[in-house]
Amino acid sequence: MAQAVVPLRRASVSEGEFKRSHQLFRLGLYSAAIVLSLLFLGPFIWAALSSFKSDPEIYRVPPSLFPDSLRWSNYVLLFELEPFARFYLNSVLITLGAAIGTLLSCTVVAYGFARFGFPGRRILFYIVIATLILPPEATLVTRFLLFRELGWLNTFLPLIVPHYFAVNAFAIFLLRQFFMGIPRDLDEAAMIDGAGALQILWRVLLPQLRPALSAVAIFSFLASWNDFIHPLIFLTSKENYTLAVGLRFFLFSSDRAQGPLEAYLMGAAMLISLPPIVLFILAQRYFIQGIMLSSGSKG
Amino acid sequence: MTQRRRRALTGYALISPWIIGMVVFIAGPIIASAILSFHEYNLLSAPRFIGLDNFVYILTRDPLFWRSVGLTFTFAIIVVILGLSGSLLCALLLTTNLRGSTFFRTALFIPSLTPIVAAGVIWRWLMAPRIGPINWMLDLVGIQGPAWFREPNWALISLVIVQLWITIGGGNMIVFIAGLNAVPTELYDAAKVDGANLLRRFRAVTLPMISPSLLFTLVTTTISALQVFTLAFIVTGEARGTPGGPAYATWFYLVHIYQTGFTNLEMGMASALSWLFFLVVVVIAIVQFMVSRRWVYYESGEA
Chain A
451 MAQAVVPLRR ASVSEGEFKR SHQLFRLGLY SAAIVLSLLF LGPFIWAALS
501 SFKSDPEIYR VPPSLFPDSL RWSNYVLLFE LEPFARFYLN SVLITLGAAI
551 GTLLSCTVVA YGFARFGFPG RRILFYIVIA TLILPPEATL VTRFLLFREL
601 GWLNTFLPLI VPHYFAVNAF AIFLLRQFFM GIPRDLDEAA MIDGAGALQI
651 LWRVLLPQLR PALSAVAIFS FLASWNDFIH PLIFLTSKEN YTLAVGLRFF
701 LFSSDRAQGP LEAYLMGAAM LISLPPIVLF ILAQRYFIQG IMLSSGSKG
Chain B
4 MTQRRRRALT GYALISPWII GMVVFIAGPI IASAILSFHE YNLLSAPRFI
54 GLDNFVYILT RDPLFWRSVG LTFTFAIIVV ILGLSGSLLC ALLLTTNLRG
104 STFFRTALFI PSLTPIVAAG VIWRWLMAPR IGPINWMLDL VGIQGPAWFR
154 EPNWALISLV IVQLWITIGG GNMIVFIAGL NAVPTELYDA AKVDGANLLR
204 RFRAVTLPMI SPSLLFTLVT TTISALQVFT LAFIVTGEAR GTPGGPAYAT
254 WFYLVHIYQT GFTNLEMGMA SALSWLFFLV VVVIAIVQFM VSRRWVYYES
304 GEA
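Protein sequence lines, in the order shown, are assigned to chains A and B. Each residue of the first sequence is one higher than the last, beginning at 451 in the numbering used here. Each residue of the second sequence is one higher than the last, beginning at 4 in the numbering used here.
Chain A extracted, bound-state conformation (with noise of 0.2 angstroms):
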């Protein structure tokens, strides 16, 4: 544990004086972790308890913190109002397909970079950290021109097809840390009894891997899941819309004769930010690990 914050004590300063200072000290900390606290999840809450709210008491001076009542009829309105259901569907597919791909392919490209001599190796590697400060952005235009020649706007592939193609650096980048920390003792071993490469990362690998996969999955369920540029320019239609674009759209062409429009905006958002929080509280140990691989700190 650090103990920066700790304070010092002086010898001018009599036993009971430092006492006295150290617990003001600490209640000073808690104070300002409630207020951050509050400053965080408040504007979270705020929504979540927005988006309950009727039509006159959501423009209410001065405002309420909690809803009169419960309005569940709200999101079951949100529903009929845009195709939300339609939207989380196809957040969904893309996430789950986008996961499945980098999951696959990065694995065996990090397997191949940490356990393979071949010549080029390390600047093949030095390319594919040099890719992780690429900005995906900085390619929109020619990529976008790309699925166009291909035919496959308005689809889904532009945003899945890419992952099986080990285009997420960061994965590649992690999980060849990871195999890096396994010794090999037991590559060697099933190699001797006759054991091909794929059978070696299926069977002895792949189950000490578990943590770092964990990782790769919720960053790039994240990943995907938040993606606001890439579905906005490669999916026209309102059918094929995620949740992210779905929401932007939401916005700019509801109007308020609809009902409560701030209420069925909050209810939007919560809509959309629920999974990845719910993920979080349910894997929380693998976010962190992941986030502390990646600095390359070892906490």
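Don't read these hints as lab results, they were simulated from the structure. We treat Cβ as the ideally placed atom computed from N, Cα and C, and that holds for glycine. Errors might be hidden in some of the hints.
Partial selection, computed: residues in chain B whose CB lies under 8 angstroms from chain A [said to hold, decoys possible]:
(1) PRO32
(2) CYS93
(3) LEU116
(4) TRP128
(5) ILE134
(6) ILE164
(7) GLY174
(8) PHE281
(9) ALA288
With beta-carbon atoms standing in for the labels, derived distance ranges [claimed, not checked]:
(10) A:ALA645 with B:VAL290: 42 to 50 angstroms
(11) B:THR266 with A:GLU689: 18 to 26 angstroms
(12) B:GLN147 with A:SER703: 26 to 34 angstroms
(13) B:PRO155 with A:ASP518: 35 to 43 angstroms
(14) B:SER88 with A:ASP635: 41 to 49 angstroms
(15) B:MET293 with A:ASP635: 39 to 47 angstroms
(16) B:VAL59 with A:ILE632: 49 to 57 angstroms
(17) B:GLY148 with A:PHE516: 19 to 27 angstroms
(18) A:THR605 with B:SER104: 45 to 53 angstroms
(19) B:LEU143 with A:LEU554: 36 to 44 angstroms
(20) B:LEU143 with A:HIS472: 31 to 39 angstroms
Chain B: place on chain A using the hints.
Using the frame of chain A, we list chain B on its own:
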């Protein structure tokens, strides 16, 4: 075939998906956009070679190019400075043996899980000029709140606030917590014996020890801040969804690329803009790594 050769061939076979993906989806598009940047292309007629015209136009006559560059850098610099120091302060707070620190960490982390579109929609409502809760609260203490994202002078600040809300408690904070936890306690004890006070210990022990984490977060945060786009679409998007408002106050670089390429269908011009973006990001990352040799401390002496 020798054993070594066989293993090399297997290695190539295993990384072949990446080689294909790299060529088709990354290197190919980069090269193609370099070529296309010397052409005029509007999707309807064939590309026409025009030499450096696109670049000359962008650098000398494009009324929005320099504006977008200035806005993007301003946004990135503010977000990097405030965001990183905010994350570091939160990490320091969460590593002081507070009871319930897991709860606090989760509370601070949740905004970073919120999709940017959702965060934007939420903050549009929080910062709504007349009826929003923020201006209502300001009103309570006698301050007349600005119109936030609807007012040109305040729009950029509004987006900075949303971006900081999303990022401060996120990945950077977790990286700092890990870095802080890895600092050996003996170093602090030694510094205390030498009579170093709180601030001095932070500067002489904490900062050097976490400097590798600082470098990592500095590079990734800078690059992602330069890519600001979605917020300018959602929060400062205007009627019918034109991004970058009001009065071009949040006309960021990617907004400029988007409008040039996908609204005005000037694909050659948009490619030229993309290439400039690519170059600038690479140069910034390299400079940050080079300068880091002066201030990043590696315990074992290796990078």
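Results of checking the hints against the structure:
1. PRO32: For PRO32 of chain B, the interface hint holds, since the closest Cβ of chain A sits about 4 angstroms away, which is under 8 angstroms.
2. CYS93: This hint holds: CYS93 of chain B lies near chain A, its Cβ roughly 6 angstroms from the closest one there, short of 8 angstroms.
3. LEU116: Holds, because the Cβ-Cβ distance from LEU116 of chain B to chain A comes to roughly 4 angstroms (cut-off 8 angstroms).
4. TRP128: holds (5 angstroms)
5. ILE134: With Cβ-Cβ at 5 angstroms, under 8 angstroms, it holds.
6. ILE164: violated (10 angstroms)
7. GLY174: With Cβ-Cβ at 5 angstroms, under 8 angstroms, it holds.
8. PHE281: holds (4 angstroms)
9. ALA288: holds (5 angstroms)
10. A:ALA645 with B:VAL290: 42 to 50 angstroms: holds (47 angstroms)
11. B:THR266 with A:GLU689: 18 to 26 angstroms: Cβ of THR266 of chain B to Cβ of GLU689 of chain A: about 23 angstroms, so the range 18 to 26 angstroms holds.
12. B:GLN147 with A:SER703: 26 to 34 angstroms: The hint (26 to 34 angstroms, Cβ to Cβ) holds, given that GLN147 of chain B and SER703 of chain A are roughly 32 angstroms apart.
13. B:PRO155 with A:ASP518: 35 to 43 angstroms: With a Cβ separation near 38 angstroms, PRO155 of chain B and ASP518 of chain A satisfy 35 to 43 angstroms, so the hint holds.
14. B:SER88 with A:ASP635: 41 to 49 angstroms: holds (46 angstroms)
15. B:MET293 with A:ASP635: 39 to 47 angstroms: Taking Cβ atoms as reference, MET293 of chain B and ASP635 of chain A lie about 40 angstroms apart, which means the hint holds.
16. B:VAL59 with A:ILE632: 49 to 57 angstroms: Distance hint for VAL59 of chain B, ILE632 of chain A holds at roughly 55 angstroms.
17. B:GLY148 with A:PHE516: 19 to 27 angstroms: Given about 23 angstroms between the Cβ atoms, the range holds.
18. A:THR605 with B:SER104: 45 to 53 angstroms: With a Cβ separation near 46 angstroms, THR605 of chain A and SER104 of chain B satisfy 45 to 53 angstroms, so the hint holds.
19. B:LEU143 with A:LEU554: 36 to 44 angstroms: violated (55 angstroms)
20. B:LEU143 with A:HIS472: 31 to 39 angstroms: holds (35 angstroms)
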